[in-house]
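A.B. asks: These protein sequence lines are chains P, H and E, in that order. Numbering-wise (the numbering used here), the first sequence opens with residue 1036 and increments by one. Numbering-wise (the numbering used here), the second sequence opens with residue 1036 and increments by one. Numbering-wise (the numbering used here), the third sequence opens with residue 1036 and increments by one.
To be clear, the hints were calculated from the coordinates, so they are not data collected in a lab. Hints should not be assumed to be uniformly reliable.
[Stated by the list, open to error] Which chain H residues stay away from chain E? Per the calculated CB distances, all over 10 angstroms, these: (1) K1090; (2) P1134; (3) H1202; (4) R1272; (5) A1298; (6) G1313; (7) E1394; (8) D1436; (9) R1449.
[As the list claims (entries may be wrong)] Calculated cross-link-like contacts (lysine-lysine; reagent style DSS-like; alpha-carbon spacing at most 27 angstroms): (10) P/K1090 - E/K1090; (11) H/K1165 - H/K1153; (12) E/K1090 - H/K1257; (13) P/K1257 - H/K1257.
Ideal placement from N, C-alpha and C gives every residue a C-beta, glycine not left out.
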Amino acid sequence: MSEQLRARIYEVLDSLVLVDPHTHINALNPAAETLADILGYHYYTELAHSAGMPKSRIEEEGISPKEKVGRLVEYLPLLENTIQSSWLVEMSQKFFGFPGETVTPANWESLYDSALIKMREPDWADQVLKQSRISAVFLTNEFDDPLEGFDTRKYIPCLRTDDLVFHLGQPSVRTRLEKSTGVTVHDATTLRTAIGALFDRFTSRGARACAISLPPDFSPTKVSDAAAGAAIAEVFRHGAAASEAQRRDLGHFVFWTLTEFCAEHELPFDLMIGVNRGVYAAGVYQGRDLYDSRVSLIQYRELFNAFPQVKFPISVLASVTNQELVSYSWIFPNVLCNGHWWYSNTPTYIEHDVAARLEAVPRTKQIGYYSDMYKLEFALPKFAMYKRILAKILAQRFVIDRGWTEEQAIDLGRQVLRGNVDDVFGPF
Amino acid sequence: MSEQLRARIYEVLDSLVLVDPHTHINALNPAAETLADILGYHYYTELAHSAGMPKSRIEEEGISPKEKVGRLVEYLPLLENTIQSSWLVEMSQKFFGFPGETVTPANWESLYDSALIKMREPDWADQVLKQSRISAVFLTNEFDDPLEGFDTRKYIPCLRTDDLVFHLGQPSVRTRLEKSTGVTVHDATTLRTAIGALFDRFTSRGARACAISLPPDFSPTKVSDAAAGAAIAEVFRHGAAASEAQRRDLGHFVFWTLTEFCAEHELPFDLMIGVNRGVYAAGVYQGRDLYDSRVSLIQYRELFNAFPQVKFPISVLASVTNQELVSYSWIFPNVLCNGHWWYSNTPTYIEHDVAARLEAVPRTKQIGYYSDMYKLEFALPKFAMYKRILAKILAQRFVIDRGWTEEQAIDLGRQVLRGNVDDVFGPF
Amino acid sequence: MSEQLRARIYEVLDSLVLVDPHTHINALNPAAETLADILGYHYYTELAHSAGMPKSRIEEEGISPKEKVGRLVEYLPLLENTIQSSWLVEMSQKFFGFPGETVTPANWESLYDSALIKMREPDWADQVLKQSRISAVFLTNEFDDPLEGFDTRKYIPCLRTDDLVFHLGQPSVRTRLEKSTGVTVHDATTLRTAIGALFDRFTSRGARACAISLPPDFSPTKVSDAAAGAAIAEVFRHGAAASEAQRRDLGHFVFWTLTEFCAEHELPFDLMIGVNRGVYAAGVYQGRDLYDSRVSLIQYRELFNAFPQVKFPISVLASVTNQELVSYSWIFPNVLCNGHWWYSNTPTYIEHDVAARLEAVPRTKQIGYYSDMYKLEFALPKFAMYKRILAKILAQRFVIDRGWTEEQAIDLGRQVLRGNVDDVFGPF
């Protein structure tokens, strides 16, 4: 009975039209042009590399997309157990009529070719969105993104702030900031002015969120203008050679200032907590980052208390941090649970984490899922994975364990999948 | 079959008469007087506040209990997914004949009124205990509680020691200590005498445990009388302005001395590990505490080795610490697993944690559950939640996975629910 | 259906002939001589001690094996819930025809006697291996083990290096090193020469791995020969009284050198991460070690980057570290998941951990299980426990949740149980 119940709940959840609240889509080129854009996703390249594929096989200059796919496919049989492989298969079946259960050296070419035909259709991106029942996706725009040339109701701008907080010591970042704002930064005031200009431009173009990914040791605090000024002088002069304390002061000042503008513009600030960049230096493109799971939300205590008016949808990289996220969301009105990020975006961890959220965080404070995708084709299989798990938990833990009706359970699922996205980021 | 098996095991476990080994009941006023005492429980006020209710709505001066309930009920629909909401509904159904499945602005008034009629019956507290099949509950008494005016076989004293360990720098705490013991503390010897006087009084009134909640960074160690004397002089003179080292020395000395008296009086010392107080300063009453899950029982290594004769029933605030609790209980004869505390007292975490305990800790060393309640009405739904999870695990992991008979499984359930409470704290 | 599916998958997995890639078997005396060798396993002595048995009861001088077993059996009823007890019962049923479901003071003697008859049969060890479907087991040999007198194809040498990394300050360890290599160590060069001699001897005797257990705070780094020389001089002169920095430098130098020889000899280096030795000083033999779960694989970042050519099969002591192990194995080609170690070798943790591995780590990079046993009789029940959990996960998470065929699921199980052991350590 439980399996039929799951299937019925899934069916309803799967029929919903959703907004994807966090992706890395390029609005000017949102869908894949060949299967190489799919298999080039870091999940496949890094897993293939981990399974033995030399990095040079796919990062070789001048190889064609088809050649690249062929080389990657050699390693797919070693990954077929992974949930990431299942995304590829489900997408291939749903979008390209792929008849197989695994993509192998024996069957990939016809898949490549049939995908190519579809991808060349002029309205392919819209076909993908429609078939995926996604009406809009959030972008993750660099601060100097012109935000021009696309429909911002369908591709919703979001201000990514990693470079501002962590790399303002690089002259290239400062140059980009000056060019995009017209402000020459030399102290706290001008830095604040420049950041304010970014917010003005982004909100005028329909931005609905500010976002940042943060390392495990980040512990933001308010920095005075004077201390910020000293840090700016020092870091702008010496770059990475500036003292750690002053680089940290500058980062904290920028972060705090961003949050102040989020308050002023009523933008949610997505915090994605816990990543260490470049841990595996010889890894493939985008396959070098890992983490230290020893992180605590207590590091954000001062921030959460200082900005009660700012909503912080929070993603944590390690499942062990999820219980803190549940507890902080249950206590702090401004803390929300946001999706299942990266290394925690696999069924076992999603299942454990979402079950804990659903039973202890107000139902209005949970953003169920975002795809984090680079190409539109991934929304369908990733959301399907999440919806299956959600249906499983609603069936087992709400209908069976707690005696809820199916309708009540479906309502809860609908709210975390769609309703809360509208309420926190929308309306759309 | 598994669901029927669970139901049968649950039915037997639910018929047992239990002793609740940790509550915050006021023995002079143990049951609720109105539904405001139920909805005023911090779980509801903090979740409602987290979901958007301004703190002022319920902490406003002079509002009547009924008005307070009405204001809280507005937010209950936002919390109906939480397990805490399910406690309210189950309690309302069982005690007050509430016919609904959710408490809403449309139906709360009749519930309020029917509850009021019941609560005004002169033997209401005893009715609640009887219907809940609870024969006795442990209190958590401040050290200067007079312990008078109630039946200590039904309301069992327990010496709470947080103020002594962490707040002896406050003149008000010292005054309370002096008043309640007749001892003026000015050095290690007089402090020890005062603490001894507390133990004499508490044990003469039937106390069966000593208890304390501890922050994540607490790492107790033995402090010499000389160092303690120096710390006393300094902390008594400067209060919170004393050096951190000396405040810590004083806390450690008090903690160690408490443990020595636990040894002398053969009292178990309940350690509740991991809470940070006041993290959300603007939170509602009792809704301000959170935690840093980065804590280890290795911090208690010296203590566990120094006091083999003292039983330490241990609760951990974060589920991630549960595996250490399992391992330390499996190795140290004096370490026991104790219930599921606060932020880990939700089904997903209980399920994961109790399964791990039942399969790796001697069956005699596990206190299954305590309610932690402030009003008697909560024992029934909280224990019911635990018993359902326990029945699920016994059914799935012992009867199905390991081939146990139902009777064996029920015996194990009976032991962790009742037998071990008697053996560790009783007899009653 | 799910239970029948599990049973069918289990049946196939249970029929496989396996190689056990990590044990503490003494090749010259691999099987038990009496039941005291079984019940003397630290799991039983430490759990019995934890449940109340005085250490002196079993560590008393001169008691006979039978007396020792009788004394331990008194405490078995207190442990019958533990998975460790189930190993004893399953082994007794399978090897000795034990008819009971629990070993008790009432029935142990006949079990003791029937076991004794079996154990005295001259080919008992081979009978055990055959009935357990184990064709070979890895040893864990001290560096000065002569490795003589046994069939190294059945009992495969593995170089244990704990003493070299952590105890070279002890004169006895240096003496053993000098005797076993003929090299007098007095600087980095001679230390390297001595270690090289160990590798030459071990690999010439068929060693297939190097192994070490590491404390939670270990964070290896490359140490120059000059710094190593200084550390050697200091630590050899002052032993444990040498500075912590120099003792650490010496340990790091040895560890790094071991890894260099693993590279040269193409030996996998088993890292078993997270144990604190001697936490409970008064514990029974081998029942004194615990851990601090606050450890991260980020501590091994420099190592993993420096030795891409060395395979590191990694075991973690706490389940909380498993997600990092999954993520690091998914990114680093040279990091592999290895079994379920010690305090995480219980069903709840195995289930959570193996599910996460199977869905996110390439299928070639997972060593499913090792027994860690001291006597051959334990392979059967320990592997059976793992295979039951593996079958459960394959049934629920692959066949049911992901639509795999039974055959696909079984192939995956076969690979983690056997195929990867061959590929990483073999061929055998």
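A.B. asks: If a hint holds in the structure, say so; if it does not, say that too.
C.D. replies: Okay, the hints, checked on the actual structure:
1. K1090: Holds: least Cβ distance 35 angstroms, greater than 10 angstroms.
2. P1134: At roughly 37 angstroms from the nearest Cβ of chain E, H/P1134 sits farther out than 10 angstroms, so the non-interface label holds.
3. H1202: With a cut-off of 10 angstroms, H/H1202 remains clear of chain E, as the shortest Cβ separation is near 28 angstroms.
4. R1272: Fine: 36 angstroms to the nearest Cβ keeps H/R1272 off the interface.
5. A1298: holds, 16 angstroms
6. G1313: holds, 24 angstroms
7. E1394: Answer for H/E1394: violated, closest chain E Cβ roughly 5 angstroms.
8. D1436: violated, 7 angstroms
9. R1449: At roughly 12 angstroms from the nearest Cβ of chain E, H/R1449 sits farther out than 10 angstroms, so the non-interface label holds.
10. P/K1090 - E/K1090: violated, 56 angstroms
11. H/K1165 - H/K1153: holds, 14 angstroms
12. E/K1090 - H/K1257: holds, 26 angstroms
13. P/K1257 - H/K1257: violated, 38 angstroms
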